[in-house]
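Below, each chain spelled out in residue letters.
There are 2 protein chains.
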Amino acid sequence: MTTGKGSDGADRATRTGRRPGQSGARAAILAAARTRFSDAGFDKTSVRAIATDAGVDPALVHHYFGTKQGLFAAVVKLPVDPDTTLRIIDSVPLEELGENIIRAVVAVWDSPAGPGIVAVVRSILAGNDDPALARTFILEVVLERVRQRIATADDDGRARVALVGSQMIGVLVARKIIAVEPMASMPASDLVAAVGPTLQRYLTGGIGQKPS
Amino acid sequence: MTTGKGSDGADRATRTGRRPGQSGARAAILAAARTRFSDAGFDKTSVRAIATDAGVDPALVHHYFGTKQGLFAAVVKLPVDPDTTLRIIDSVPLEELGENIIRAVVAVWDSPAGPGIVAVVRSILAGNDDPALARTFILEVVLERVRQRIATADDDGRARVALVGSQMIGVLVARKIIAVEPMASMPASDLVAAVGPTLQRYLTGGIGQKPS
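So the protein sequences, as listed, match chains X and P. Per the working numbering, residue 24 is the first one in the first sequence, and the count goes up by one each step. Per the working numbering, residue 24 is the first one in the second sequence, and the count goes up by one each step.
These aren't lab readings, by the way, just hints derived from the structure by calculation. Don't be surprised by glycine CBs; every beta carbon is placed ideally from N, CA and C. Some clues are possibly wrong.
Derived DSS-like pairs (lysine-lysine); straight-line CA-CA distance at most 25 Å [stated by the list, open to error]:
#1 P:Lys91 with X:Lys199
#2 P:Lys67 with P:Lys100
#3 X:Lys100 with P:Lys199
#4 X:Lys199 with X:Lys100
#5 X:Lys199 with P:Lys199
Computed footprint of chain P on chain X; a stretch qualifies when at least three of its residues, placed anywhere within it, have a C-beta under 8 Å from a C-beta of chain P [claimed, not checked]:
#6 82-88
#7 195-203
#8 225-231
Please model the complete structure; the sequences and the hints are all you need to start from.
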């Protein structure tokens, strides 16, 4: 996708009588994507439909944003492509998934990209951003990937990944937003030791009510 | 405190040459309390100091707000006195503390007071309210009470209750703010079964790193 820079999109734009400038095309794609993702969610939105709405060739969308996931990350203004972190989910043994999730995610939060992520989450929690976009991102992008990994497609699986999400949001708020000590300055390895088993139990352990 | 309505405060106000109206005195107490709690935190602020700042008798503070805790709840605009819920912490067996915390707190969130609490938390997370007040409330009012119950005054105890706080904030966000299904509409008893053991492990279980 790094070859043929802009050519497809520019040609097509000429043929259809529209020729937005570079930044104009990028902005048009983002605007179209925001509307589509917000209306239909992540899964049911195609790059082709977004390109049509924006009046550009799909190749130009890929040129600017890489994958649909990258485009989505740009729409919700995430400073990192979540795919880099999410790839870990597919590559580690199932019984080590919990500790790997907390380790990978805290590494991103503690990185230079952290403040940008905190700003996005803050804005979502405050209700400034579209809550449908936030829900789509959490449910269809992040948690869906985890759910596929634990391979339980039923309500039980959805509950498991939602519980994981709840603990991760809580760690973000405690460590980065309210800055509750000692969680704010705790070494990442301590956090992994404390929270990893929680996530692992939510993913693969017993979470139901005891038989009475 | 429900007897002698206003008499102490009114008399003193007359003697000191100041006589704010009923609502004026209440507002003056709230303003003084907000400043003091924000500057010095919950523990180091006395009702007497707030009363002096507001130019009223301490008895009037108690008359309007009950305990210092009730006054604090009014300052952070909590629609319920947290003491009602916090009392549960002192009364249940230590090994059942985790499930009782999630049960009691979710009951309040799901009650008619819930939307008011969600509004307060949203405002804090968005950074509209004073973060020092939020931190004070969480650290000195809620978590301190739990920490005393598990009776570990060291850093370990502070980490334990902060972890409990992180999971509770996460459940609130997932269930009430972003409304991630199935957590948003999950029966409270399912939530207790899933999250109770997490809290219990944070409070009394092994949360450190395995010896290598």
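So, going through the hints one by one against the coordinates:
1. P:Lys91 with X:Lys199: Answer violated: Lys91 (chain P) to Lys199 (chain X) is near 29 Å, above 25 Å.
2. P:Lys67 with P:Lys100: holds (20 Å)
3. X:Lys100 with P:Lys199: holds (24 Å)
4. X:Lys199 with X:Lys100: holds (18 Å)
5. X:Lys199 with P:Lys199: holds (20 Å)
6. 82-88: violated (count 0)
7. 195-203: Satisfied; 7 residues make the cut.
8. 225-231: holds (count 3)
Going down the numbered hints, you'll see the structure goes against 1 and 6, while the others check out.
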